[in-house]
Amino acid sequence: MSTDYKPQSAVAKWIDKRLPLITLFNGHLMQYPTPKNLNYWWTFGGILTFCLVTQIITGLVLAMHYIADADLAFSSVEHIMRDVNYGWLLRYIHANGASMFFIAVYIHMARSLFYGSYKEPRELIWIIGVFIFLLMIATAFMGYVLPWGQMSFWGATVITNLFSAIPVFGESITNWLWGGYSVGSPLLTRFFTLHYLLPFLIFGLVILHVWALHVPGNNNPEGIDVVQGSQDTVPFHPHYVVKDVFALLVFMIIFAGFVFFTPNLLGHTDNYIQANPLQTPEHIVPEWYFLPFYAILRAIPDKLGGVIMMVSAIAILAFLPWLDTSKVRSAKYRPLFKQFYWIFLANFLLLGYLGAQPAEGIYVIISRIATIYYFVHFIIILPVLGFVEKTKPLPKSISEPVLSEKERAAKAATATA
Amino acid sequence: MLKFIKLLVVLIITVTSSQSILIAAEIHEPMRPYWSFEGPLGKFERASLQRGYQVYTEVCSGCHSMDLLSYRNLVQPGGPEFSEKQAKAMAAMFEVETGPDQDGEMFMRSAILSDKFVSPWENEQQARAANGGAYPPDLSVIVKARPNGADYIYSLLLGYKDAPEGTELDDGVYYNEYAKGMRIAMPQVLYEDGVEYTDGTAATEEQMAHDVTMFLTWSAEPKLEERKRMGFKVIIYLLILAFLFYFTNKSIWRDTH
Numbered sequence: 001m002s003t004d005y006k007p008q009s010a011v012a013k014w015i016d017k018r019l020p021l022i023t024l025f026n027g028h029l030m031q032y033p034t035p036k037n038l039n040y041w042w043t044f045g046g047i048l049t050f051c052l053v054t055q056i057i058t059g060l061v062l063a064m065h066y067i068a069d070a071d072l073a074f075s076s077v078e079h080i081m082r083d084v085n086y087g088w089l090l091r092y093i094h095a096n097g098a099s100m101f102f103i104a105v106y107i108h109m110a111r112s113l114f115y116g117s118y119k120e121p122r123e124l125i126w127i128i129g130v131f132i133f134l135l136m137i138a139t140a141f142m143g144y145v146l147p148w149g150q151m152s153f154w155g156a157t158v159i160t161n162l163f164s165a166i167p168v169f170g171e172s173i174t175n176w177l178w179g180g181y182s183v184g185s186p187l188l189t190r191f192f193t194l195h196y197l198l199p200f201l202i203f204g205l206v207i208l209h210v211w212a213l214h215v216p217g218n219n220n221p222e223g224i225d226v227v228q229g230s231q232d233t234v235p236f237h238p239h240y241v242v243k244d245v246f247a248l249l250v251f252m253i254i255f256a257g258f259v260f261f262t263p264n265l266l267g268h269t270d271n272y273i274q275a276n277p278l279q280t281p282e283h284i285v286p287e288w289y290f291l292p293f294y295a296i297l298r299a300i301p302d303k304l305g306g307v308i309m310m311v312s313a314i315a316i317l318a319f320l321p322w323l324d325t326s327k328v329r330s331a332k333y334r335p336l337f338k339q340f341y342w343i344f345l346a347n348f349l350l351l352g353y354l355g356a357q358p359a360e361g362i363y364v365i366i367s368r369i370a371t372i373y374y375f376v377h378f379i380i381i382l383p384v385l386g387f388v389e390k391t392k393p394l395p396k397s398i399s400e401p402v403l404s405e406k407e408r409a410a411k412a413a414t415a416t417a
Numbered sequence: 001m002l003k004f005i006k007l008l009v010v011l012i013i014t015v016t017s018s019q020s021i022l023i024a025a026e027i028h029e030p031m032r033p034y035w036s037f038e039g040p041l042g043k044f045e046r047a048s049l050q051r052g053y054q055v056y057t058e059v060c061s062g063c064h065s066m067d068l069l070s071y072r073n074l075v076q077p078g079g080p081e082f083s084e085k086q087a088k089a090m091a092a093m094f095e096v097e098t099g100p101d102q103d104g105e106m107f108m109r110s111a112i113l114s115d116k117f118v119s120p121w122e123n124e125q126q127a128r129a130a131n132g133g134a135y136p137p138d139l140s141v142i143v144k145a146r147p148n149g150a151d152y153i154y155s156l157l158l159g160y161k162d163a164p165e166g167t168e169l170d171d172g173v174y175y176n177e178y179a180k181g182m183r184i185a186m187p188q189v190l191y192e193d194g195v196e197y198t199d200g201t202a203a204t205e206e207q208m209a210h211d212v213t214m215f216l217t218w219s220a221e222p223k224l225e226e227r228k229r230m231g232f233k234v235i236i237y238l239l240i241l242a243f244l245f246y247f248t249n250k251s252i253w254r255d256t257h
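Residue numbers (our numbering), protein chains in the order written: chain G, 1 to 417; chain L, 1 to 257.
Just chain G, same shape as in the assembly (with noise of 0.2 Å):
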């Protein structure tokens, strides 16, 4: 990154001969031009670190207090919600953290599917961010499975047992997963270890991301390049730090609604009841965050099936800059894409839906249909709209619609007059 920094005290200077690290915070969190168009879907990624450190810290104040064993961990949560000094506030904003996370990564998703902010020469960036959100998926639901109440327990049950879908291997593989023959203390205790591991790569993950970031710089609601040395972009400091300190605020009085005051709602009642392999819930429902997915793994009749299918919903996201052959990469400039966008959407929240309700009748019906058009969006539509969609005319430059927004805001106000 260019920057025109120069350090003035000894100090600095000294420093930054010899590592110029202040040279590169200026560089990127400074003086990196951003375009100047950037709406409020934008401001995502910066809460999504913010979200991100939240739960490491409170992760690591947790895991000075939390016991990783099958007849501990239930009480010593309750010993951290109990005795241990804001132990309740730790353990809430951990817990609705996770959701906050979710809620926030998955807009920062549907964002980048509606500029296609994923296309060339963005592609890496996405590609990582996929990796990002497989991570997320692997961290998030073993933290889930610490607290050992009936869903935690049963949830890792479920989950741990797809690997025996494998074939030839499945068994084997799942007895070394468990290190045993079910799912208890083993389990318990490399789940903690790998929930402590994951999020520090996500964090190293995130660095590339932003870094890959910062090479082509952002792409904006247009959908187009920035002309380089014109008026599109902005410093990134202060016009972006303070717009999304700002949103970020926002985004954090709902975080403390929900921690404050409904600290509970988006968990399960059964996971305040310790764990018990003699007694299956009636029900075994994931995290909402999973639950599109978790009507995919479902829709199939097949375990081995469903299982390949769930694995390939996501995977199938990192190859979607080659399955969109369109060129135009904004939605807004796309019309007929447009539609098919909030289809996908409404389809994806509809297999949400699916996840919660029992697997029985209409509902595996209707799941088997969502679940085919997820697909069919990713394989047929996107692939076929690039060569047979009539793109509208787009923008020379930024700074063009935006002017001629205005310049119609001030004939209308001249009319009116």
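Quick caveat, the hints were computed from the structure, so don't treat them as lab data.
None of the values given here were measured: they were computed from a predicted structure.
Among the hints, erroneous ones may be present.
Below, a sample of chain G positions facing chain L; criterion: calculated Cβ distance under 8 Å [unchecked claim]:
1) V84
2) W88
3) L208
4) W211
5) V234
6) P238
7) H239
8) V242
9) F246
10) L249
11) I253
12) A256
13) F261
14) N264
15) T269
16) I273
Partial chain G-side listing against chain L, Cβ under 7 Å, derived [to be verified]:
17) R82
18) D83
19) K243
20) V250
21) M252
22) F260
23) Y272
24) L323
25) K327
No residue lacks a Cβ here, since even glycine has one placed at the ideal position from N, Cα and C.
For chain G, the structure is supplied; the task is to place chain L on it using the hints.
Coordinates of chain L only, in the frame set by chain G:
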């Protein structure tokens, strides 16, 4: 901005309603009495918590343990807030096994504030043997472990009715409108004047159910009052800060077209 709030609302509604539909299909919709601890500034009624402890010890504790509570919790702010003297006397009514002493023998002594609530059973097997095979669940977090929490517990305690004609009940199974499948292994335990409240309150069934449910809500969520108080401050602080940042942001962007 408005659009993404809309989407967020839709998302939250989809998630929560989908779960409540699931629950509603299985369980009789419980009564919804007024609870002082609901709402953003809700608090427990101190006197009700104290009466609730009395109902628990005199009625429930014969079968139900509360393993996560200690007698010291009865003194803590945000709870029943008995005086230390009262709580010590309450603890002293129970005996706990401790030791070993110098001869390697275990011995009994009166419970003190730091002791956990004494369980009525040695273990689950003993509890089942004494209750026709049914296990009376621990009540420490029961309010958080059941859909509709306090409303459900309150309704269940008052839900005992004569079984309608033609309903067959096995031995040791009772008819209760709010239990799953209308059947429950716990008999009706609250009868008018079943306890004699020390503060002179009339011990109607509703009063006792109300008090003990309040007590169980506190035991499941002992930091509820502190949480809501802090939440109120946090949100006001965030609102003011957001307000300031909104205008700072506006002024920074004023000259960018």
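To see whether the hints hold, each was checked on the structure:
no., hint, verdict
1, V84, "violated, 11 Å"
2, W88, "holds, 4 Å"
3, L208, "violated, 27 Å"
4, W211, "violated, 26 Å"
5, V234, "holds, 6 Å"
6, P238, "holds, 5 Å"
7, H239, "holds, 6 Å"
8, V242, "holds, 5 Å"
9, F246, "holds, 4 Å"
10, L249, "holds, 4 Å"
11, I253, "holds, 5 Å"
12, A256, "holds, 5 Å"
13, F261, "holds, 6 Å"
14, N264, "holds, 6 Å"
15, T269, "holds, 5 Å"
16, I273, "holds, 5 Å"
17, R82, "holds, 6 Å"
18, D83, "violated, 9 Å"
19, K243, "holds, 5 Å"
20, V250, "holds, 6 Å"
21, M252, "holds, 6 Å"
22, F260, "holds, 2 Å"
23, Y272, "holds, 4 Å"
24, L323, "violated, 25 Å"
25, K327, "violated, 27 Å"
In summary, the numbered hints that this structure violates are 1, 3, 4, 18, 24 and 25.
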